[in-house]
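Using the sequences and the hints given, assemble the complete structure.
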Amino acid sequence: MKYRFLFLVLLCSIGYAQSPVQEKEPPSHIKTILFSGNEKTHFPIIRLNEPFTLRFDDLNADEAIYRYQITHYNADWQPSSLLKSEYLRGMDDQYIYPSSNSNTTLQPYSHYSIDFPSEHLRILLTGNYLLSVTDQSGNLIFSRKFVVYSPSVGVEVNIKRSRDMRFFDTKQVVQFTIKGQALQIQNPKESVKVTVLQNYRWDTAIHHLKPQYTMGGELIYRYDEQAAFDGGNEFLYFENKDIRTPSSGVYRVEQTESFHHYLFTSISRVNRVYTYNPDINGNFIVATIHGENPHDNADYTWVHFSLEGLPEFWSKSVYVYGKFSNYQLSDAYKLSYDESAGVFHGKVLLKQGFYNYNFAVKSADRVDFNGIGGNFQQTENDYTVIVYYRAPGTLYDQAIGVGGASSVNITR
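In terms of mature numbering (1 follows the signal peptide of the UniProt record, and there is no 0), the sequence shown is residues -17 to -1, 1 to 395.
Because the hints were derived from the structure by calculation, they are not lab data. All C-beta atoms in this analysis are idealised placements derived from N, C-alpha and C, irrespective of residue type, glycine included. There may be inaccurate statements among the hints.
[Unchecked claim] Ranges between beta-carbon positions, derived for each pair:
#1 Gly200 - Gly121: 44 to 54 Å
#2 Asp147 - Gln1: 28 to 38 Å
#3 Gly274 - Asp207: 16 to 26 Å
#4 Gln1 - Gln164: 31 to 41 Å
#5 Glu237 - Asp348: 15 to 25 Å
#6 Asp147 - Ala324: 35 to 45 Å
Right, here's the structure in full:
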């Protein structure tokens, strides 16, 4: 009996130490993953029973059949203790068939689209979820996070400049109040968890903030350093809805066996003053003028990125990133230094549309997303606060409220 108890303790300790689940990035033939709710943010944070959609392309164009699974997670992205029958009505592990094939494009592809809820599946509970796409042999192809919530509490969010003068010109601080009078939250410092996102990015999310004050049923969070994000800089952009003609950000178009779009060479903005440049906060929009439906009429083109080759970057790895890369710094988005031209250069196969992008520098011990673009408190960013609650006697974290604000309205 003693050994069994020790085994259970060890098993629980191993589970507790487990790393939070991460999204799996797709192989090179899977492109343009669009995962969105009603607000088209490419990251669905949706109310319970509201629709959301997953889309992607397969450049193998062989009409392969995929499957999907949905798994519930707690606020810390550890698996919850719930059975699937408790959070899903119907069955997941359903097939995903091609909804269409590309039409009049140089690059052939099969397009996939699946809507939720469906006749086969409905989500019953709020919380964090992971949608996984596998091939017919059960091999994981890619996965994406999403959040389902019910607006049981209000969340009032304000963006402030840092009170620390070292970061006064670079940081944006997220302060917020949870208005939970109607829910009668018990033991909020233990039962309430929050996640703060900048531009819907999980890789830079802030967790583990506890309410500092309670006042008449309100939970008040007035942190400074602990809730501060780098402002960064506005994203660069290009637009190639016309596949054959240079347009915004594109100076040359070539057509061989495929299209090639060459962007103007970017420069470091670190030592320059902040200049407002409207963007879509790292996102991208699929679009084309060569057909009515961009999902199967838009073509793929090799987009050539280039960046001035300043000496301080020569010994480091330079990447291009944005929502199109899911903010990942993988070899597919790495730039190489062209000594003869004095620039970093790289190419990425992307679907036609409007894209935001930026550059990051990676050294042996850190990644600097602002080392090339600069870091300014004036930068416009979107912030989202997700509130979770573990009710007494329950086995999972509910998502009970979502609030947001833009740093356009930043104050001292």
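(request) Return the numbers of the hints above that this structure violates; sort them in rising order. (result) 3, 5
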